[in-house]
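As they're listed, the protein sequences go chains F and X. If you use the numbering used here, the first sequence corresponds to residues 1 to 323, in order. If you use the numbering used here, the second sequence corresponds to residues 1 to 323, in order.
Keep in mind that the hints were calculated from the coordinates and are not lab data. Be aware that one or more of the hints could be misleading.
Cβ pair distances, simulated, as ranges [to be verified]:
#, chain 1, residue 1, chain 2, residue 2, range
1, X, A72, F, G120, 53 to 61 Å
2, X, R320, F, T36, 33 to 41 Å
3, F, D303, X, H28, 21 to 29 Å
Chain X side only, calculated, beta carbon under 8 Å to chain F, not exhaustive [what the hints assert, rightly or not]:
#, residue
4, R16
5, R43
6, F52
7, V125
8, L126
9, G129
10, R271
11, M274
12, P316
13, S317
14, L319
Glycine included, each C-beta is placed from N, C-alpha and C at the ideal position.
2 protein chains.
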Amino acid sequence: MVNVSSCSTEKQGCVRDAQNFVARYLHHTPLWHSSTLSTLVGRPVFLKMELFQKTGSYKPRGMLWAIQNLSAISRRAGVVTFSAGNAGQGLAWAGMHLDTRTLVIMPSVANQLKIDATRGYGAEVLQHGTPMEAAARCAAIVREQGMTFISSYDDMDVMTGHASLGMEIIADMPDTTDIFLGIGGGGMAGGLVKALDETGSKARLFGVEPEGAAAMSASLIGGAAVQLEAVKTIADGLAAPGAGNSCFELVSRRFEAVLTVPDDAILEAMRLLMTRCKVMAEPAGAAAVAGLLQHARKRKLGDAVICIISGGNVDPSMLRQWL
Amino acid sequence: MVNVSSCSTEKQGCVRDAQNFVARYLHHTPLWHSSTLSTLVGRPVFLKMELFQKTGSYKPRGMLWAIQNLSAISRRAGVVTFSAGNAGQGLAWAGMHLDTRTLVIMPSVANQLKIDATRGYGAEVLQHGTPMEAAARCAAIVREQGMTFISSYDDMDVMTGHASLGMEIIADMPDTTDIFLGIGGGGMAGGLVKALDETGSKARLFGVEPEGAAAMSASLIGGAAVQLEAVKTIADGLAAPGAGNSCFELVSRRFEAVLTVPDDAILEAMRLLMTRCKVMAEPAGAAAVAGLLQHARKRKLGDAVICIISGGNVDPSMLRQWL
C-alpha cells in the first residue's frame, strides 16, 4: 500500500507539477457567480462547478497524479480502490488514460449510474457489502493479488493531485475569502490545504459533512482520525468509512471548522441548484451549499465565498425518490 | 397589438443593435463540446447552454428588445403576453429592468416553478384555461385595458432580440454547419434566421417539435401558419397554440427541415443531459437533442453540429413523475 512518488510531497513545486500534469487531461472547471445564493446569504457567492469535470467529480485529479507516480512494475500489476462510485470512476478514467489496469470495490447498494460509468471507463467492478466491508475486501485483495491500493483520500499523491482544484480557484479568484466543501474521507480537504499552502492564500476553509457520516467531525473531537462503525446518508459520495490519517492532519491544522448538515438540508440544496442554477448535483455535490445556507449566519464571511460543487452523478431512479 | 420600432427590421445593423442592447443585461451563454453526443452521432456536437441564461431560457432576449422599442406611453400602460411560463418570465424580467409593468396570462395547469418565478420578477400573473384559452384571454385584455401585447414569437422586434442567440453561436463558432433547436410558435427559429442572414452563415437549421404540438410542421405542409385545436406534450415550453405568421415566413424560407419527436424521446434526452452533462433541462430544452438523436442518421451533418438547450425550468414534482 505504499506509493513510490517521483516528487516528495514536501518538495517545493510539487503541487504545481501535479497541476500541470492533470491539466493535460482534465478541465479547468468554471467558477460561477450565483445571484440566488448571494442574495440568500448576503455575501457574494461563487460556485466551483467541478461536477462538469471529466467523470462528473474531482476524483480523477488525484488518481491521475497517483498513478503517474507509480513504478512501471506497479502499473503493470494494476491498481485498486474502494469507492461508492466517484473515486472508482476517477481511478478507472485515469487508468484508461495512463494504460493501467483498474479494479474498483463498491458497496452492494452502489448507484447503478456510477457502476456503469466505472465499467464504461474500463475498470473491473466488484460489489461487496457495506462501505466498511468493501474497504476490508479491498485490503484483502491487495494482500492476495499484489495490486497497488490507491486510497481516494488518505494518500499524499492523491491529495497533491486534488490540490489542482484549489489552485484553479485561487488562479481565478486570488482574493477568495471562504471556501465551503463537502468532506468524506478528507481527500479534497487535504488537497485544498496543500493548494492554500502553495499559494499563500488566507482563505478560510469550511468542511461540510452529512450528520450520518461525520468522521472528520468525530476525529477533530477525539484528536485523531477515526473510523466509523456505520454510515447512513443519501450522500453516498461522502460516505467514506472513516477519516484519512494524513487528511486529518491537514484538516486539523488549517480548517476553520467542520460543520454537519442533515440529509434534508442536502436535498434542499440539490433542489436549489436544480431549479435556480440548472445543474444536477448529486447529494455529495450539494453538501457545500447546504453547509453554507445552514451556517452562514453564524459565521463572519468575507466578500468572495466559494462552494465547491462535486459531483454530479445522480441515478434517475434515486432522484425520483428524493424529489 | 402594434409595436413601434425604432429600428426597422429590414434595416442593416438592426440585429447588431439588438445584440448590443441585450448584451448589457444578459449572459453570452457558453457553447460546450459534448463527448457523449459526439460519440452517439459520429460528428462533433456542441451544446449552446441557453438554460444558463437569466430566467433559465432565451426569452428575455426578445422581450428586452421589444419593450425597449415601445413608446414611453405604451410602456407606462404596461405590456402583456400569454405564456406557459418561460416567455412570461422573460417578459417579467425585461419589464423589471426596463421599468415597465407586466402582466402574464398562463394556462391553468402551468408549472408552479414558472408561475412563482414570473411573480418573483414582478409580473402580475393570471391563470386561465388551456394554452388556446389563455391566448384568447390575453387578446381580450389588450382590447379592454389598452395594454400592449407582446407575442413571444410572432413579433419582428422579439425575433430581432432573439437573433442575439444566433449571433453568439456564429461569433463563437463561425464554421457552424448544423443547428438543431426546439420550435414552439417559432420565435427562436425566426431569430436564428435573422442571425444567419446578418452573418452570411451557411449553417443548416433543423427545427424540432413535439409530436403533440407540431404547428410549424403542419404549417409547412399547408403552406401557411396554422393554429392548433389542442396541444398535448410534456414540453410546455414548446406548446404554443400555433405557429406565428412572420415566424412561418422565415422558417419556410430558410430551414432545412422541421422534425417531430415523441415525448418519450424528449424524456430520454433530458435523462442524457442530466446524467452525462449534469444539467437540468426542461423538456423544451431537451427537444433539440431528441431531434438530433432521432434524425442524425437520416441527415448528412457537418463537422460542427449545435443543439440549443433552452430552458431549464423544471418543477421538481413534475420531474418526479417523468423519471
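To see whether the hints hold, each was checked on the structure:
no.	hint	verdict
1	A72(X) / G120(F): 53 to 61 Å	holds, 59 Å
2	R320(X) / T36(F): 33 to 41 Å	violated, 22 Å
3	D303(F) / H28(X): 21 to 29 Å	holds, 25 Å
4	R16	violated, 27 Å
5	R43	violated, 21 Å
6	F52	holds, 6 Å
7	V125	violated, 18 Å
8	L126	violated, 23 Å
9	G129	violated, 26 Å
10	R271	holds, 6 Å
11	M274	holds, 5 Å
12	P316	holds, 5 Å
13	S317	holds, 7 Å
14	L319	holds, 6 Å
The earlier numbered hints that this structure contradicts are 2, 4, 5, 7, 8 and 9.
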